[in-house]
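K.L.:
Residue numbers (the working numbering), protein chains in the order written: chain A, 1 to 396; chain B, 1 to 396.
Just so you know, not all the hints are guaranteed correct.
[What the hints assert, rightly or not] With the Cβ distance kept under 7 Å, some of the chain B side facing chain A (calculated, not the full set): (1) M1; (2) E65; (3) Y105; (4) Q111; (5) L226; (6) S230; (7) D254.
Bear in mind the hints are in silico, worked out from the structure with no lab data behind them. Beta carbons: idealized from backbone N, C-alpha and C, even for Gly.
Number of protein chains: 2
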Amino acid sequence: MIDYSERIARLQQKMREKQTGGFLVAQNVDIYYLCGSMQTGYLFVPVEGDPVFYVRRSVVRAEEEAQVEVEPIGSFRSWGERLKARFPQVFGGGQQKQPVVATEYDVLPVQQFQRLQTMLPGVQWADGSAMIRETRMIKSAYELDRIRAAARLIDEALEHALGLLRPGMAEFELMSEIEYYIRRRGHLGLMRMRGYNQETITGMVGGGAAAAMPTYFDGPAGGQGLSPASPQSAGRRKFERDEPILLDIGCCIDGYVIDQTRTAVIGELPGDLAEAYAVSEQIIRSTEQLLKPGTISEHLYFNSLDLAEKAGLALHFMGYANDQVKFLGHGIGLEIDELPVLAKGFTYPLQPGMVIAVEPKFTFPQRGVVGIENSYAITPDGFEKLSVSREGVLRV
Amino acid sequence: MIDYSERIARLQQKMREKQTGGFLVAQNVDIYYLCGSMQTGYLFVPVEGDPVFYVRRSVVRAEEEAQVEVEPIGSFRSWGERLKARFPQVFGGGQQKQPVVATEYDVLPVQQFQRLQTMLPGVQWADGSAMIRETRMIKSAYELDRIRAAARLIDEALEHALGLLRPGMAEFELMSEIEYYIRRRGHLGLMRMRGYNQETITGMVGGGAAAAMPTYFDGPAGGQGLSPASPQSAGRRKFERDEPILLDIGCCIDGYVIDQTRTAVIGELPGDLAEAYAVSEQIIRSTEQLLKPGTISEHLYFNSLDLAEKAGLALHFMGYANDQVKFLGHGIGLEIDELPVLAKGFTYPLQPGMVIAVEPKFTFPQRGVVGIENSYAITPDGFEKLSVSREGVLRV
Numbered sequence: 001m002i003d004y005s006e007r008i009a010r011l012q013q014k015m016r017e018k019q020t021g022g023f024l025v026a027q028n029v030d031i032y033y034l035c036g037s038m039q040t041g042y043l044f045v046p047v048e049g050d051p052v053f054y055v056r057r058s059v060v061r062a063e064e065e066a067q068v069e070v071e072p073i074g075s076f077r078s079w080g081e082r083l084k085a086r087f088p089q090v091f092g093g094g095q096q097k098q099p100v101v102a103t104e105y106d107v108l109p110v111q112q113f114q115r116l117q118t119m120l121p122g123v124q125w126a127d128g129s130a131m132i133r134e135t136r137m138i139k140s141a142y143e144l145d146r147i148r149a150a151a152r153l154i155d156e157a158l159e160h161a162l163g164l165l166r167p168g169m170a171e172f173e174l175m176s177e178i179e180y181y182i183r184r185r186g187h188l189g190l191m192r193m194r195g196y197n198q199e200t201i202t203g204m205v206g207g208g209a210a211a212a213m214p215t216y217f218d219g220p221a222g223g224q225g226l227s228p229a230s231p232q233s234a235g236r237r238k239f240e241r242d243e244p245i246l247l248d249i250g251c252c253i254d255g256y257v258i259d260q261t262r263t264a265v266i267g268e269l270p271g272d273l274a275e276a277y278a279v280s281e282q283i284i285r286s287t288e289q290l291l292k293p294g295t296i297s298e299h300l301y302f303n304s305l306d307l308a309e310k311a312g313l314a315l316h317f318m319g320y321a322n323d324q325v326k327f328l329g330h331g332i333g334l335e336i337d338e339l340p341v342l343a344k345g346f347t348y349p350l351q352p353g354m355v356i357a358v359e360p361k362f363t364f365p366q367r368g369v370v371g372i373e374n375s376y377a378i379t380p381d382g383f384e385k386l387s388v389s390r391e392g393v394l395r396v
Numbered sequence: 001m002i003d004y005s006e007r008i009a010r011l012q013q014k015m016r017e018k019q020t021g022g023f024l025v026a027q028n029v030d031i032y033y034l035c036g037s038m039q040t041g042y043l044f045v046p047v048e049g050d051p052v053f054y055v056r057r058s059v060v061r062a063e064e065e066a067q068v069e070v071e072p073i074g075s076f077r078s079w080g081e082r083l084k085a086r087f088p089q090v091f092g093g094g095q096q097k098q099p100v101v102a103t104e105y106d107v108l109p110v111q112q113f114q115r116l117q118t119m120l121p122g123v124q125w126a127d128g129s130a131m132i133r134e135t136r137m138i139k140s141a142y143e144l145d146r147i148r149a150a151a152r153l154i155d156e157a158l159e160h161a162l163g164l165l166r167p168g169m170a171e172f173e174l175m176s177e178i179e180y181y182i183r184r185r186g187h188l189g190l191m192r193m194r195g196y197n198q199e200t201i202t203g204m205v206g207g208g209a210a211a212a213m214p215t216y217f218d219g220p221a222g223g224q225g226l227s228p229a230s231p232q233s234a235g236r237r238k239f240e241r242d243e244p245i246l247l248d249i250g251c252c253i254d255g256y257v258i259d260q261t262r263t264a265v266i267g268e269l270p271g272d273l274a275e276a277y278a279v280s281e282q283i284i285r286s287t288e289q290l291l292k293p294g295t296i297s298e299h300l301y302f303n304s305l306d307l308a309e310k311a312g313l314a315l316h317f318m319g320y321a322n323d324q325v326k327f328l329g330h331g332i333g334l335e336i337d338e339l340p341v342l343a344k345g346f347t348y349p350l351q352p353g354m355v356i357a358v359e360p361k362f363t364f365p366q367r368g369v370v371g372i373e374n375s376y377a378i379t380p381d382g383f384e385k386l387s388v389s390r391e392g393v394l395r396v
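Input sequences plus hints: build the corresponding full structure.
P.N.:
Below you can see the structure in the form of structure tokens.
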């Protein structure tokens with residue numbers, strides 16, 4: 001069902017462009033993407049030829065799961081010699097220039113990298129983070145199908161949550177109902193993020209002032225959280241009438257995440273917040289016009305900044321003042337923070353198979369956050385909206 | 001309530017012993033431990049004097065949470081100069097030898113480390129992983145109190161789960177009930193692990209053959225999981241009568257985790273598995289005799305190996321054959337994989353304030369896993385058993 005050789009071939013093409021002889025893939029998600037198994041070990045991908053998955057544990061299970069050759073990694077010392085012998089096209093003889101081997105500098109810990117350097121002396125190491133992230137940026141039919149399944153489930157969960165929402169209910173109580181609903185229907189129980197020190201549990205639900213609290217989380221709405229030991233997402237504050245309630249929730253089906261936001265209210269939103277919400281929908285409609293192959297990803301952000309500015313809401317856009325984040329959205333897939341990022345400096349032209357979450361939001365300190373977030377796949381003609389939930393301010 | 005200056009002082013003592021001038025603490029959990037805030041940034045701890053938390057986001061929130069001085073990190077380029085100016089005792093004048101600055105090589109990604117190296121040229125970098133992990137190894141009264149609270153909650157959740165357990169129920173259904181129960185009562189929704197590529201959701205529940213499936217997870221019982229994209233923990237298999245059902249579950253209260261295992265059965269365990277379970281209790285009783293200040297941590301592992309061997313169960317102990325893990329237990333605290341590890345090569349003498357999970361288990365391929373896991377605090381006189389759940393094979 002999943003064509004791993006096509007994934008490997010796309011990575012190898014990027015390796016050729018970057019004169020990289022081999023890629024020692026070290027991160028669990030990257031390994032899973034390239035071979036179908038997430039057991040502990042390293043996947044070595046030569047620029048030409050087939051990869052080998054060197055497994056520490058569990059070898060038996062890797063042999064069942066992986067669509068590439070599996071070999072026990074054995075002792076770390078002898079592994080270097082076996083690797084060289086197995087891939088002469090990379091490590092060559094004495095007459096060749098220094099072999100270039102990439103690994104993921106964006107996630108690999110220093111200690112582990114130093115062990116690899118010791119194991120393979122004479123290698124010129126290179127940062128392969130961009131290569132692997134760009135390979136993963138383009139989704140296959142299978143991947144789109146899994147993200148669609150996650151989108152359907154989170155829509156069901158949203159309607160379930162709206163049916164339970166009432167004044168006096170605490171944020172974390174509503175979040176626990178959402179989590180219970182999705183977990184019983186296949187949510188893996190985690191949503192992975194690549195960014196260092198970043199964590200997402202199941203997104204956040206936040207009402208009024210709590211939703212508007214800034215936090216470390218690399219997103220426009222932080223939330224109070226249950227403790228300084230997890231200072232984001234749902235907290236103990238109770239929902240009140242006539243305040244915006246942000247439901248920025250996701251789930252993970254077979255490894256693939258969805259990210260979606262809706263704004264709800266028990267009663268009626270204050271007029272200026274309802275207007276700000278309407279601007280968030282205007283921004284998402286304007287963004288949709290640009291969702292087609294060729295649009296430069298950062299342009300979507302610039303366009304949204306213009307619209308927020310024209311609406312007089314620049315100071316509130318994507319967080320408030322000093323706590324603003326400088327993007328409109330991000331890729332999603334096996335991780336919640338994939339490429340392309342819709343932010344200044346990200347000049348990827350949109351391509352069919354990219355999947356992005358677009359999340360225009362406005363923060364009003366002490367009052368709350370309003371906004372919307374949909375996930376989209378780029379198609380040859382434009383886009384497919386993956387999020388299936390109804391829009392508008394959801395009144396309960 | 002929490003004495004951060006005492007924590008800082010203990011780290012500084014270790015820094016003096018290692019001739020380390022400064023510690024640039026980079027990991028979210030380590031930062032939280034040392035200053036009470038988990039916002040994004042770096043905590044700089046000089047070997048003498050007060051630390052400063054350089055914060056990227058959210059500065060406002062860090063100022064509320066942190067018990068140390070907070071300064072916006074500003075531009076990365078100018079930060080290096082400001083750091084040097086602020087800590088002359090570390091970075092000194094031209095006449096001094098090269099300043100030594102530590103950071104956590106075990107978790108810091110290479111890319112981020114390289115940025116730090118560029119920002120602070122002329123510094124001799126050192127791996128501070130052991131220093132910070134050893135500082136965190138000794139728990140305060142507050143930390144013990146939080147772990148006790150987590151232990152009480154997981155005991156309630158266990159009894160709740162036993163009340164629901166029935167043949168035909170899928171593992172993940174029972175797990176979702178446990179998660180729902182603890183989440184509504186303050187579980188943060190995550191359990192942190194320090195090990196690279198290691199993930200724990202809420203532990204695992206597994207019946208029969210599924211519990212005995214090996215996996216990458218660095219523990220004695222893996223489980224099938226819901227997908228190769230998360231190949232561990234509870235899966236879709238349905239519980240049956242007369243098979244061992246392993247409930248290895250935890251929760252996280254105010255950042256602190258508990259880890260506990262019980263063995264249940266619907267009906268009656270086969271005789272040999274019941275005997276193996278009895279050996280796991282013998283091992284935990286024998287371990288308790290040794291839980292007192294001065295015992296060398298690896299000795300607890302060697303002792304358990306002896307007892308498993310004498311019972312004729314060596315091949316089944318802590319996983320089966322090639323998939324065995326080589327430890328008896330591990331420290332717990334803000335992370336589930338803390339020091340000391342009860343394994344060969346870990347020669348820490350037990351000290352008051354250490355908290356360890358002791359988990360003798362026996363794996364029978366195709367049949368299941370039996371065993372027990374309790375968490376203990378070391379006291380001046382011996383130990384306090386933190387796990388409050390009833391023992392024995394739990395028949396439902």
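K.L.:
All hints are to be evaluated individually against the structure, with a verdict given for each.
P.N.:
We went through each hint and held it up to the structure:
1. M1: violated (12 Å)
2. E65: At 5 Å from the nearest chain A Cβ, E65 of chain B passes the 7 Å test, so the hint holds.
3. Y105: holds (4 Å)
4. Q111: holds (4 Å)
5. L226: Hint on L226 of chain B: holds, closest Cβ of chain A at ~6 Å, below 7 Å.
6. S230: holds (5 Å)
7. D254: holds (5 Å)
Hint 1 alone, counting from the list given before, is not met by this structure.
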